[in-house]
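Colleague: Residue numbers (the working numbering), protein chains in the order written: chain A, 1 to 217; chain B, 1 to 240; chain C, 1 to 48.
Any given hint could be a false lead.
List time: in silico EDC-like cross-link candidates among lysine to aspartate or glutamate, alpha-carbon distance up to 20 Å [what the hints assert, rightly or not]:
| id | chain 1 | residue 1 | chain 2 | residue 2 |
| --- | --- | --- | --- | --- |
| 1 | B | K16 | C | D39 |
| 2 | C | K43 | B | E227 |
| 3 | C | K48 | B | E227 |
| 4 | C | K42 | B | E12 |
| 5 | C | K42 | B | E227 |
FYI, nobody ran anything at the bench for these hints, they're computed from the structure.
Since the model is a prediction, treat every value here as computed from it, not as a measurement.
Listed below, chain by chain, are the residues.
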Amino acid sequence: MMVVYRHFLRRMTRDRGLMGQSAGFFALAVTVCVFAIGPDAVILSAVLPGLVWALQLLSALLGLSDMLEGEDLDDLLLARTSLPAAMCAKALAHLTATGLPIAVLAPLAVSLLVPGSAALLPCMWLGLALSAASFSAIGLLGAALTLGSRRNAALQALIILPLCVPPLIFGAGAASAAMLDQGWQAPMAFLAAIACASLTLCPFAAAWIIRMKVTSA
Amino acid sequence: MITRFANPARFESLAKTLLPVLAAMATVLLAFGLVDALLLSPPDYQQSDAVRIMYIHVPSAWMAMFLYACCGGAALTFIVWKHTLAELFLRAALPVGACATAICLVTGMLWGQPMWGTWWVWDARLTSVLVLMFLYVAIIALTGAFDRPEHGSIAAAWLTLIGLVNLPVIKYSVEWWNTLHQPSSLTSLNRMANPALSGEMLRPLLIMGLGLTCYLLVVVIVRMRAEIIARRLNASRVQA
Amino acid sequence: MNAGDILGMNGYALYVWGAYGLGFVVYVGVLVHALVRYDRLKKRQSAK
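Based on the provided sequences and hints, a complete structural model is requested.
Modeller: Spelled out as C-alpha cells, the structure:
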C-alpha cells in the first residue's frame with residue numbers, strides 16, 4: 001500500500017502543484033474574508049476559528065475534481081493492492097497534499113493574528129489535522145459518487161458539503177471552546193471518532209461504488 | 001416475495017388495483033382532515049389560530065422522513081439485489097420527499113414568525129431537517145448528472161444510504177440538544193397515555209398524517225408507472 | 001364561528017392561509033406534474 005500511496009502523492013504534487021495551490025487558496029480566502037469582515041479585532045477573534053475550519057473544507061474541495069479523473073481505473077482494479085486499500089491511499093495522499101499543510105500552517109497564522117491565542121496551538125493542530133482527514137475521506141466518497149458524470153465540480157460540492165458538516169461543527173466547536181477556556185476535549189473526541197470512522201469506512205464505500213459503476217458499464 | 005414483484009408488469013397490475021383505493025382513501029382523509037384542521041379543531045389557548053399550521057407542518061415532516069426511510073430501503077434493495085422496482089421507486093419518490101421537506105421547512109418558518117418571533121434559528125432539529133433538504137437536492141441532482149442512467153441510480157442509491165444517518169439525528173435531536181423546537185408530544189407509550197396533545201388536536205393531526213401519506217403514495221405510484229413507460233419507450237427506441 | 005372568524009384566523013390569516021396555500025400549490029402541483037407526464041408518455045406509447 002505504501003507504493004500506491006507514494007504513487008498517488010507524486011502524481012498529485014507533481015502535475016499541478018496541488019500542495020501550493022491549496023495552501024495558497026486557503027491563505028487568500030482567509031485574507032479576503034478578513035477584509036470583508038473588517039479590522040475589528042474582537043469580532044475577528046470570535047469568528048476566526050470557525051472561519052479557518054470552513055475555509056479548510058473549501059480548500060479540500062478544490063483538490064477533489066481531479067482526484068479520480070484521469071485515473072487508470074482498470075489498472076487499479078487489477079493491481080495487487082486491494083481496491084479499498086488503494087482508495088485509502090488516495091485519501092491519504094489527498095490529505096497530505098491539501099489538508100496537512102493547511103493544518104500545520106493555519107494555527108501558526110492564527111496565533112500571529114489573534115493575540116493571546118498561542119495556547120490554542122495544540123488544540124488547533126490536532127483539530128485541523130483530524131477534520132482534514134475527515135474532509136479528504138468524505139471527499140473521496142463524493143468523487144467516487146460523481147465518477148463519470150458531466151459537470152462535476154458543483155455537484156461534488158453539493159454532495160460533500162452536507163456530509164462534511166459534522167466534522168466542521170465539532171472541529172470549530174472545539175476551537176471555540178478552547179478559545180473561551182472551556183472544555184474542548186468532548187468535541188475533539190467526537191471529531192476524532194468521525195475522522196476514524198470516515199477514514200476506515202469511506203475507502204470501502206468508494207471502492208464498492210467504483211466497482212459497481214465499472215462493472216455495470 | 002421481493003423477486004416476485006421485480007417484474008414491472010406485475011407491478012402494473014398491482015398498481016392498477018392499488019391506485020383507486022389509495023386515491024379514494026386520500027380524498028376522504030384529506031377532506032375530513034382539512035375541515036377538521038381548519039374549522040373544527042379548537043384554537044390553542046396559547047397560540048390561538050396559528051396552531052393550525054401544525055396540521056400541515058407536522059404531517060409534511062413525517063412524510064419527509066418516511067419517504068426518505070423508504071428510499072433508503074429501496075436503495076439497499078437496489079444495491080444488494082439489483083431490484084428494478086426498487087430503482088424505480090427511488091427515482092419516483094425522491095422528488096416527492098423533497099417537496100415534503102420543503103413544505104415542512106417553509107410552513108415551519110411561517111409558524112415560527114408569529115409564534116416565536118423568528119423565521120429561523122440554528123437549533124438542532126431545524127438544522128438537521130435543512131441537511132435533509134440538501135441531501136434530497138444532492139441526490140436528485142446526482143440521478144440526472146450521468147450519461148448512463150444506471151450510474152445515476154447507483155450513485156443516488158449510495159448517497160441515500162449514506163444520508164440515512166441523518167434520520168436518527170432528526171428524530172432524537174430534540175432529546176439530545178435542548179433548544180428551541182419543542183420536544184415530541186407523541187412518542188413514548190407513556191406519553192400516549194397522558195398525551196401532551198389533547199384528543200381534539202390529535203385527531204386532525206392523525207387524519208392529516210394518514211391522508212397525506214395516502215396522497216403522496218398515489219403521486220409516487222403514478223410517477224413509477226410513468227417511469228416504466230418511459231423506459232419501455234427508450235428501450236424500443238434503442239433497439240429500433 | 002362565522003366566516004369572518006374563519007378567514008381572519010385571529011389575525012394570523014396571512015400565516016395560516018399562506019402556509020396551507022403553499023402546501024396546496026406544491027402538493028397538488030406535484031400530482032398534476034406526475035399525471036401530465038404519465039398521460040403524455042401513455043399517448044406516445046399508443047402512438048407507436
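Colleague: Of the hints given before, which are not true for this structure?
Modeller: Failing hints: none at all.
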